[in-house]
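A.B. asks: Sequence:
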Amino acid sequence: MEFNITNVEVFGFEETIRASGLPMKTNLSSIEQSESDVNRFCKLGQAKSGSGHDCALKGITVQMDITAPHYWWPQFQRYHFADIISSQSKMHRIMKFDIESQCNEYVKPEIINIIENLVILYKQEPTKERFLDVISNLPMGFQLTARITTNYLQLKSMYIQRRNHKLPEWHTFCDWVETLPHMDNILMPLKLNE
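First residue of the sequence shown? That's -14 in the working numbering, and the numbers climb one at a time after it.
Treat the hints with caution; some may be incorrect.
[What the hints assert, rightly or not] Result set (DSSO-like, lysine-lysine): computed pairs, CA atoms no more than 30 Å apart in a straight line:
no.: 1; residue 1: Lys33; residue 2: Lys75
no.: 2; residue 1: Lys43; residue 2: Lys93
no.: 3; residue 1: Lys93; residue 2: Lys113
no.: 4; residue 1: Lys43; residue 2: Lys33
[Claimed, not checked] Computed Cβ-Cβ distance ranges for the label pairs, DEER-style:
no.: 5; residue 1: Ile99; residue 2: Glu(-13); range: 18 to 28 Å
no.: 6; residue 1: Arg25; residue 2: Pro94; range: 19 to 29 Å
no.: 7; residue 1: Glu(-6); residue 2: Ser74; range: 16 to 26 Å
no.: 8; residue 1: Asp160; residue 2: His55; range: 18 to 28 Å
no.: 9; residue 1: Cys40; residue 2: Pro94; range: 47 to 57 Å
Honestly, the hints are just simulated from the structure, not real lab data.
Note that the Cβ used here is the ideal one computed from N, Cα and C, for glycine as well.
Generate coordinates for the entire structure from the input sequences, incorporating the hints supplied.
C.D. replies: Below you can see the structure in the form of structure tokens.
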């Protein structure tokens, strides 16, 4: 199993691009989206993080399924608007998982063997202590999938903060962010300053 981003959906693009021009509008009769709207939106998206000028990015919602190791999730969960809609559950399903296939390639076979044996012991005599033995000894490379909802502003923040991170999962994540519609234009100044 490896870090993976699938089932991506992007919402609110046209409406947000159009709405990014509202601060300068006095007449709302012309609400058709134009090329200048797209250019304005991208220019606003390039504004320095924290300046407030890039707040239009909040209007574009992105949903995706992310499969990631346990060590990655606490870093992801620190962002303000990155909600987990639903996820696989260690609490409910740990005794049903195929432990080996849920672990990334860095988990040592002997660790997997220990966990599998703890699961067998739990199934033979399901006590609270045996459950805690299993859940407490899961390796950080144990991977779960969650459905996420976030927005372009948070993705921009994540990209800025994590693109040079030592974990390869963040590199994959940042490469994926670059593939979203217009995100290459929004991130261009950041990439030019590297």
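A.B. asks: Hint by hint, note whether the structure agrees.
C.D. replies: Hint check:
1. Note on Lys33 and Lys75: the hinted pairing is violated, with a Cα-Cα distance of about 39 Å set against a maximum of 30 Å.
2. A hinted pair counts as satisfied when its Cα atoms are at most 30 Å apart, and Lys43 with Lys93 does not qualify at roughly 41 Å.
3. For the suggested pair Lys93 and Lys113, the alpha carbons sit about 26 Å apart, so the restraint of at most 30 Å is met.
4. With a C-alpha separation of about 15 Å, the suggested pairing of Lys43 with Lys33 holds against the 30 Å cut-off.
5. For Ile99 and Glu(-13), the Cβ-Cβ distance of about 22 Å falls inside the hinted range of 18 to 28 Å, so the restraint holds.
6. Taking the beta carbon of each, Arg25 and Pro94 are about 55 Å apart, not inside 19 to 29 Å as hinted.
7. For the pair Glu(-6) and Ser74, the supplied restraint of 16 to 26 Å holds, since their beta-carbon distance comes to about 23 Å.
8. The beta-carbon spacing between Asp160 and His55, approximately 22 Å, falls within the hinted interval of 18 to 28 Å.
9. A C-beta distance of roughly 49 Å is found between Cys40 and Pro94, which places it inside the suggested range of 47 to 57 Å.
Hints 1, 2 and 6 from the list above are not met by this structure, while the remaining hints are.
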